[in-house]
Structures are given as structure tokens and as C-alpha cells.
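Engineer: Sequence:
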Amino acid sequence: MSDQNLTRFLGGSPGQVILRLVFLSFVVGVLLSALNLNPMDIVNITMNFFERIWNMGFAALDNIWRYFVMGAVIVIPVWFVLRVLSLGKRTETRPPQDGPSSSHSDRSTMR
Numbered sequence: 059m060s061d062q063n064l065t066r067f068l069g070g071s072p073g074q075v076i077l078r079l080v081f082l083s084f085v086v087g088v089l090l091s092a093l094n095l096n097p098m099d100i101v102n103i104t105m106n107f108f109e110r111i112w113n114m115g116f117a118a119l120d121n122i123w124r125y126f127v128m129g130a131v132i133v134i135p136v137w138f139v140l141r142v143l144s145l146g147k148r149t150e151t152r153p154p155q156d157g158p159s160s161s162h163s164d165r166s167t168m169r
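For reference, each letter of the sequence shown is one residue, going 59 to 169 in the working numbering.
It is worth saying that the hints were derived from the structure and are not from the lab. Even glycine gets a Cβ: it sits at the ideal position worked out from N, Cα and C. Among the hints, erroneous ones may be present.
DEER-style ranges, computed between Cβ atoms [said to hold, decoys possible]: (1) N106 x V131: 33 to 43 Å; (2) S91 x M114: 29 to 39 Å; (3) R78 x L119: 16 to 26 Å; (4) E109 x R78: 52 to 62 Å; (5) I111 x V131: 26 to 36 Å; (6) T65 x R124: 48 to 58 Å; (7) F81 x E109: 29 to 39 Å; (8) V101 x L140: 55 to 65 Å; (9) L64 x F126: 47 to 57 Å; (10) R141 x D99: 57 to 67 Å; (11) A92 x S60: 37 to 47 Å; (12) R78 x V101: 36 to 46 Å; (13) P72 x L95: 26 to 36 Å; (14) M114 x L79: 27 to 37 Å.
Could you build all of it, start to finish, from the sequences and the hints given here?
Structural biologist: Next up, the structure:
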């Protein structure tokens, strides 16, 4: 990898990037210490978060299915009755409506 490609990949010269990372690591370390967290706590919190989302996801699918069935018990019979009742009605055909008025084109020819 040439120096230009490395600089582009890192977002700056390697020395500057290393200094920024050292500074940010120090600041984040101070913040984590103030919050009484250590790196393993963060790993455990993250793993628990994704595990809860995973478990909640399947429970959510079960709830979604229940809501669908409860709604379908009402919606499908009502839809069916409305369709049967609308079979006897004739739909009225409307003539196509004209597009926008042509007054704008008349103005351009009046000049």
C-alpha cells in the first residue's frame, strides 16, 4: 500500500491518526472510569442487549400473529359482506375529465 493510499485509508497521516486515537482512548477511558464501567461490562451489556432483542423478536412475532388473526376475524367477513352487497350495484361510468385549462397557452399567444 503506498503512502497516499494509507493516508486516504486512515483519514490523515499515520502519526496524526495515532495521536488522535491515543487522545480519544484516554478521554473514553476517563469517562468509563467515571461511570464505573470496565470493558467486560460493556461486552456483557451489549450481548444482553442483543439477546433481549432476539428473544423479544420472537415474542413480537407471536403478538403480531395474534393481532393479525384478531383483526382478520372482523375485517374479512365485513369485506366479504360489502363485496356481496356491491355485486348488485352498477358502477356508473364517468366521461374522462379534461386536463388543466388551456388559459395559460392562450396568454402566450396573445402577446
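Engineer: Is the hinted range of 37 to 47 Å satisfied by the C-beta distance from A92 to S60?
Structural biologist: This hint holds: roughly 42 Å between Cβ atoms.
Engineer: That 48 to 58 Å hint for T65 and R124 (C-beta), does it hold up?
Structural biologist: With Cβ atoms ~56 Å apart, the hint holds.
Engineer: Given a hinted range of 52 to 62 Å, is it respected by the beta-carbon distance of E109 and R78?
Structural biologist: violated (34 Å)
Engineer: Can the suggested window of 47 to 57 Å be confirmed for the beta-carbon pair L64 and F126?
Structural biologist: holds (54 Å)
Engineer: Do the Cβ positions of R78 and L119 conform to the proposed distance bound of 16 to 26 Å?
Structural biologist: For R78 and L119 the Cβ distance comes to about 44 Å; the hint is violated.
Engineer: Does the hinted range 26 to 36 Å hold for I111 and V131 at CB?
Structural biologist: At 30 Å between Cβs, range holds.
Engineer: Given the range 27 to 37 Å, decide if the beta-carbon distance of M114 to L79 lies inside it.
Structural biologist: holds (35 Å)
Engineer: Confirm or reject the claim that R141 and D99 have a C-beta distance inside 57 to 67 Å.
Structural biologist: holds (59 Å)
Engineer: Using the Cβ atoms, figure out if P72 sits within 26 to 36 Å of L95.
Structural biologist: holds (30 Å)
Engineer: Should the hint that N106 and V131 are 33 to 43 Å apart at their CB atoms be regarded as holding?
Structural biologist: Since the Cβ atoms of N106 and V131 sit about 38 Å apart, the hinted range of 33 to 43 Å holds.
Engineer: Check the following: the C-beta atoms of V101 and L140 are separated by a distance inside 55 to 65 Å.
Structural biologist: Distance hint for V101, L140 holds at roughly 56 Å.
Engineer: Can you let me know if the beta-carbon spacing of S91 and M114 is within 29 to 39 Å?
Structural biologist: holds (32 Å)
Checked against the numbered hints listed earlier, the structure breaks hints 3, 4, 12; every other hint is satisfied.
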